[in-house]
Amino acid sequence: MPDGLDRLKVLINSSTPIVVMETSEEMRAMSMVRAACAELNMAMYEWSIADGLLRSIAADIQSQKDSAQTRTDQTAVWTRAGHTQPQTRTVLSPSSTESERLTRAMMSAMGPEAAAGGGNAVYNTREPAQALANMESMTVEAVFVLKDFHRHMDDPVVVRRLRDVGQKFASNRRTVVITAPEITVPAELATLVEYFDMPLPDRERLREIVHETFTRLSKTYTLKLQLDAAGVDAISANLRGLSEEEAERAISQALVNRYALCPETITDVLEAKKQLLRHSGMLEFIEASDNMASVGGLENLKHWLQQRRGAWEDSARDFGLEPPRGMIVLGVQGCGKSLCARAVAGEWKLPLVKFDTSAVYDKYIGETEKRIRKVFQVAEGLAPCVLWIDELEKVFAGSGPDSASADAGVSSRLLASFLSWMQDRKAPVFVAATCNNVTALPPELIRKGRFDELFFVDLPNRAERCQIFSIQLAKRKRNPADFDLDKVATAANGYSGAEIDATVQGALYAAYSQKSPLTTQSLVDALAQTVPLSVTRAEEIEALRDWARTRAVPASSRDASTAIP
Numbered sequence: 022m023p024d025g026l027d028r029l030k031v032l033i034n035s036s037t038p039i040v041v042m043e044t045s046e047e048m049r050a051m052s053m054v055r056a057a058c059a060e061l062n063m064a065m066y067e068w069s070i071a072d073g074l075l076r077s078i079a080a081d082i083q084s085q086k087d088s089a090q091t092r093t094d095q096t097a098v099w100t101r102a103g104h105t106q107p108q109t110r111t112v113l114s115p116s117s118t119e120s121e122r123l124t125r126a127m128m129s130a131m132g133p134e135a136a137a138g139g140g141n142a143v144y145n146t147r148e149p150a151q152a153l154a155n156m157e158s159m160t161v162e163a164v165f166v167l168k169d170f171h172r173h174m175d176d177p178v179v180v181r182r183l184r185d186v187g188q189k190f191a192s193n194r195r196t197v198v199i200t201a202p203e204i205t206v207p208a209e210l211a212t213l214v215e216y217f218d219m220p221l222p223d224r225e226r227l228r229e230i231v232h233e234t235f236t237r238l239s240k241t242y243t244l245k246l247q248l249d250a251a252g253v254d255a256i257s258a259n260l261r262g263l264s265e266e267e268a269e270r271a272i273s274q275a276l277v278n279r280y281a282l283c284p285e286t287i288t289d290v291l292e293a294k295k296q297l298l299r300h301s302g303m304l305e306f307i308e309a310s311d312n313m314a315s316v317g318g319l320e321n322l323k324h325w326l327q328q329r330r331g332a333w334e335d336s337a338r339d340f341g342l343e344p345p346r347g348m349i350v351l352g353v354q355g356c357g358k359s360l361c362a363r364a365v366a367g368e369w370k371l372p373l374v375k376f377d378t379s380a381v382y383d384k385y386i387g388e389t390e391k392r393i394r395k396v397f398q399v400a401e402g403l404a405p406c407v408l409w410i411d412e413l414e415k416v417f418a419g420s421g422p423d424s425a426s427a428d429a430g431v432s433s434r435l436l437a438s439f440l441s442w443m444q445d446r447k448a449p450v451f452v453a454a455t456c457n458n459v460t461a462l463p464p465e466l467i468r469k470g471r472f473d474e475l476f477f478v479d480l481p482n483r484a485e486r487c488q489i490f491s492i493q494l495a496k497r498k499r500n501p502a503d504f505d506l507d508k509v510a511t512a513a514n515g516y517s518g519a520e521i522d523a524t525v526q527g528a529l530y531a532a533y534s535q536k537s538p539l540t541t542q543s544l545v546d547a548l549a550q551t552v553p554l555s556v557t558r559a560e561e562i563e564a565l566r567d568w569a570r571t572r573a574v575p576a577s578s579r580d581a582s583t584a585i586p
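In this text, residue positions in the sequence shown follow this note's numbering: the first is 22, and each later residue adds one.
Some hints could be false.
Straight-line distance between alpha carbons at most 27 Å, and here's what the computed DSSO-like set of lysine-lysine pairs gives [as the list claims (entries may be wrong)]:
1) Lys415 - Lys395
2) Lys415 - Lys391
3) Lys375 - Lys395
4) Lys496 - Lys415
5) Lys189 - Lys295
6) Lys370 - Lys498
7) Lys375 - Lys496
8) Lys295 - Lys395
9) Lys391 - Lys295
10) Lys323 - Lys391
11) Lys323 - Lys189
If you're looking for bench data, these hints aren't it; they were derived computationally from the structure.
Using the sequences provided together with the hints, build the complete structure.
Printed below as a string of structure tokens:
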């Protein structure tokens with residue numbers, strides 16, 4: 022697969038009329054376009070509402086020189102500190118070959134006189150429609166970059182002008198590049214547009230960002246270097262999934278906070294990353310404090326997860342294994358499905374991110390699909406990780422044959438994107454999905470190849486209820502050996518794990534108000550005051566059991582899956 026710079030060159034060389042770069046990293050995008058133009062020996066023009074249309078003269082040639090000098094200084098600093106000398110690469114791509122080409126092209130193709138002069142704006146081009154009219158009349162082979170043009174795409178005159186320009190450029194070696202954080206492309210332009218996604222930095226590039234940021238800030242602050250190469254690797258691992266600008270901002274905040282690159286910086290960077298992901302609105306970084314030891318019962322599920330632990334490592338790949346794709350955990354409400362999903366990440370020592378399904382949907386056609394692609398991109402950037410999707414059936418509730426009339430087919434297209442990603446992804450992202458109503462899921466979603474297994478979590482049996490009571494009591498600073506667990510487990514027949522949790526909490530409230538210790542009898546009394554879900558929804562639970570009996574793998578062992586005593 023071509024790297025970022027090569028992909029952009031292909032788009033330009035093939036006379037793609039309009040290239041859309043949806044990114045908040047405008048400076049990085051502009052540098053990449055300049056590099057592509059330099060290698061292709063093409064002129065480049067930039068337009069903004071503030072300056073109008075002007076000829077780009079590679080104003081960052083000097084910055085390239087400065088960057089090269091910075092990297093030389095950085096190498097000296099880190100080598101003196103006893104660190105492994107990093108390979109020289111630029112900020113634009115995870116490929117060192119691409120970076121070297123980019124710098125050479127920038128330095129040679131634009132000429133030495135370019136750095137000395139300045140670009141003059143083309144007369145009367147501040148208005149977008151007039152700028153497009155001027156572009157259409159120009160005959161030079163060039164790339165025209167329109168900055169923040171999304172703010173003008175609701176003007177019919179601008180759209181018409183842009184369409185005329187695109188149709189004319191399609192037969193010439195000229196291309197319009199639109200940069201914007203988000204953009205809705207009108208239907209009239211759909212056939213003229215290609216999208217270019219800025220790649221997320223890999224671990225090697227993130228390591229360089231740490232080095233470069235430390236070197237830059239060292240010129241302003243007195244910073245201490247207290248980390249070895251392994252510590253820098255840990256920081257770069259914590260930065261995965263962020264863009265280059267976000268990664269630089271996170272490490273800058275961590276460095277200025279402690280005026281040192283120290284072991285505490287590793288945790289500081291992770292906290293900054295959580296805040297950045299939370300602000301994205303679609304993924305939430307969850308603290309994976311639980312592990313499978315905090316889950317009572319479910320021996321089959323635990324054994325299955327234990328077998329796949331570490332299967333994303335290089336040694337497993339050399340052995341011939343592929344990383345596990347994911348699992349669906351369905352069952353009765355309150356029986357620990359979400360807890361299991363969280364516990365997987367804690368057990369495997371992997372980052373856990375939760376997919377906020379409600380934040381993906383957008384009122385504009387096509388925006389929802391772009392958001393889901395962004396989620397996949399960030400998840401793969403975090404890999405290896407666990408992606409938690411709670412209540413999977415609600416994400417694709419409208420993906421049936423009649424969805425086109427309900428939501429213009431958005432749910433169907435969302436399902437298609439998700440299925441394609443689940444089938445084709447190579448990055449080790451383990452999808453832990455929970456489900457309450459499996460009959461609402463489309464059959465193509467639950468077949469093998471998308472998810473590795475479908476587990477059914479039933480109401481806990483007597484032995485599992487004993488484990489759950491023991492875990493809940495220990496969590497609340499009580500010794501389980503002081504209680505008759507067999508008696509309370511028998512009294513809790515038909516109760517889910519969540520109901521047992523609530524019962525222990527209710528008994529503690531009662532004991533605290535009465536200024537008395539928590540006893541076995543107080544637990545039994547609290548159970549007697551609750552009507553479990555197995556009574557109020559008995560018919561639905563039985564129907565779910567009937568469906569899962571031959572279609573899903575029981576999460577509990579067969580001995581534990583016998584009828585509840």
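Checklist entry - Among the hints numbered above, which are violated by the structure, and what are their numbers in rising order? => result Hints 4, 5, 10, 11 are the ones this structure does not satisfy, whereas the remaining hints hold.
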